Amino acid sequence: MYKIAKENLSALFRLIADSQELYLPVKTAGQVNFAAWSEEAEVALDTLKSVKSPKDAFFPQSEGLYTVRREGKKMKVEPEELKSQDFVVFGMKACDVKGLEVLDNVFLADPIDTFYAARREHGTIVALACHEPEESCFCKVFGVDAADPAADVAAWMIGEDLYWKALTEKGEALTKKVKELLSDADETAVEAEKEAIRGIAEKLPYMNLSLDGWNGDALSEKFDDKLWEELYKPCLACGTCTFVCPTCQCYDIKDYNTGNSVSRYRCWDSCMYSDFTMMAHGNNRTSQMQRFRQRFMHKLVYYPANNDGMYSCVGCGRCVEKCPASLNIVKVIKAFQKQGGER
Amino acid sequence: MQELINRAKEMLDDGTVARVLGWKAGDLPYNPEPAYFEDAESLKDFVYNGFCGANLSKYMIEASKLEGKTLVFLKPCDTYSFNQLIKEHRVDREKAYIIGVGCKGKLDIEKIRAQGIKGIESIEGAEITDDADTLKVQTIYGEKSCAYADAMLERCHVCKGKEHKIYDEQIGESKETKDGERFDEVARIEAMAPAEKFAFFQKELSKCIRCNACRNVCPACSCRKCVFDSNKFDSAQKANVDSFEEKMFHIIRAFHVAGRCTDCGECSRVCPQGIPLHLFNRKFIKDIDELYGEYQAGDDTESKAPLTNYTFEDAEPSIVGKRG
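Line order of the protein sequences matches chains A and B.
Going left to right, the first sequence walks through residues 1 to 343 as our numbering numbers them.
Going left to right, the second sequence walks through residues 1001 to 1324 as our numbering numbers them.
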């Protein structure tokens, strides 16, 4: 266990950024999102939730795949290069780290997504414990401990110091690089901080939400429930919930005609959108009720069915905070629970 | 609030309306959602307080297609949108029974959070009947307070007025909340040098995540299929790229709603990245006021709109060169 004074964090960031890219929460025009560090960047480590989750660092919202160019009578295919340089993501929270586990199950399973795999291989994560979790948080429901993030390096901001503990080989390697700025510390303060965070979590309204009845076997029962017809109604069919989510992993692939070549790119897709999974014959979900249902069935039923019972929600609460119509996964779970009780 | 519920019950019971469109209490002190109520029993969850910012006029497009009348609660500013939708033949006046509800300014939870208030357990002072100038917020980190005005949505600081532009009956008083001038921010940006102006919008719009919330909540965006949702495009409406094209989405949208936008402020209310999207629309409104005479979309259902009505006094295209 090491520590570094908060006032020396700029020096730490500079040192990391000397040899590799560094992404961390940065405030731009009033909002905090993960972005590349620079001397001018307004680093915002105190912000509990970035607007977008940091999954962009591994699975960007838009990325090129390859470009096809015509050369005489031949076509030349130029694939985008895979990430080959190491980088650090600093300040992810325990829920967001768990979110990567959800993505890993999808992208690192056969067939492996090479773009994602390369970023995972080269990325080192320094995760921060949540000093003051909030009422929209429900990570504990999914087995996440906000007090003790499981990343390459776990860190805690306590008083005037940041405590630092390497948990993996990658974490050890990064620690070695920045060792000159760290000093030895004992775990007393960190243990007390963990206790305090867990104490707060216990008091938060969503933390003890029950997922009773939601599992991979509940397919027909949940799918056919009439409740969806009620729940979806306020939904505006925007993509906010899916785009701020750390676990949503659906993407679309499109071709862009640049005039003298074709660039194939992929971008996040949203099951809330009317052209989601559109095929030649048309669309297999034709109503917003079906699209709305898809999102929650995927997170709480389909994904667990394919991944040994693991849910694809990590309880970060971003959808709770950002939905323009104040809908969210917690309200869906509660509505089913209430109906169950009334039956 | 009880008065609203009682009236809704009456109208459901006597069959005047088939459903009620209002707001349902959330599970946190600040997250009520737009909701339909089809029987008296379900109205127990009805709520109307400072967090009911959602403009229900947009939902009336769909409600107009349903069997029977819908009782809808509209705040003064929402009624402008409803009028505009009537003008555009997007809602059916006959299918709506409008109760104009009083408003004392709507609250923005982001503004409360921005004051460092978190871990919210309860909020006192947000009730519509409260005269409180201060919100008392109970949090797990202790009791906090915040001035009601400091927690209000931007649009309420430049409120268009307490008058409902269309209604069948009115319930409740409204409060004067205006303490700013609608076009001040636009004028401030107009005064910027071109490079400064560009940098301002670049910074704001680079936060856009293409969630389309601004478009989907907008009562003026009522096309059955948006051009940006066409799969014949090379680009995607959902691809977030920090490029000219992404800026074009917002600029094209602003052009498309020009002369029809009532300035209801929903675009800025729902933007997850806090982009002040209303500024684009307000720039157009300001220009229309200056070039064609003062005009407020949604003021009525009959008047001809400046951009779709030719007169000899209209500005010539050369105005662009003259104004720079």
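It is possible that some hints are incorrect.
Straight-line C-alpha distance at most 30 Å; calculated BS3-like pairs for lysine-lysine [to be verified]:
| # | chain 1 | residue 1 | chain 2 | residue 2 |
| --- | --- | --- | --- | --- |
| 1 | A | Lys334 | B | Lys1136 |
| 2 | B | Lys1322 | A | Lys233 |
| 3 | B | Lys1136 | A | Lys226 |
Looking from chain B toward chain A, a few residues come up when the C-beta cut is under 7 Å (computed) [as the list claims (entries may be wrong)]:
| # | residue |
| --- | --- |
| 4 | Asn1031 |
| 5 | Gly1142 |
| 6 | Leu1205 |
| 7 | Lys1207 |
| 8 | Asn1212 |
| 9 | Gln1273 |
Simulated from the structure, these hints should not be mistaken for lab results.
None of the values given here were measured: they were computed from a predicted structure.
The beta-carbon is built from N, C-alpha and C at its ideal position, and this holds for glycine as well.
Report the numbers of all earlier hints that the structure fails to satisfy, in ascending order.
-> Per hint list: 2, 3, 5 and 6 violated.
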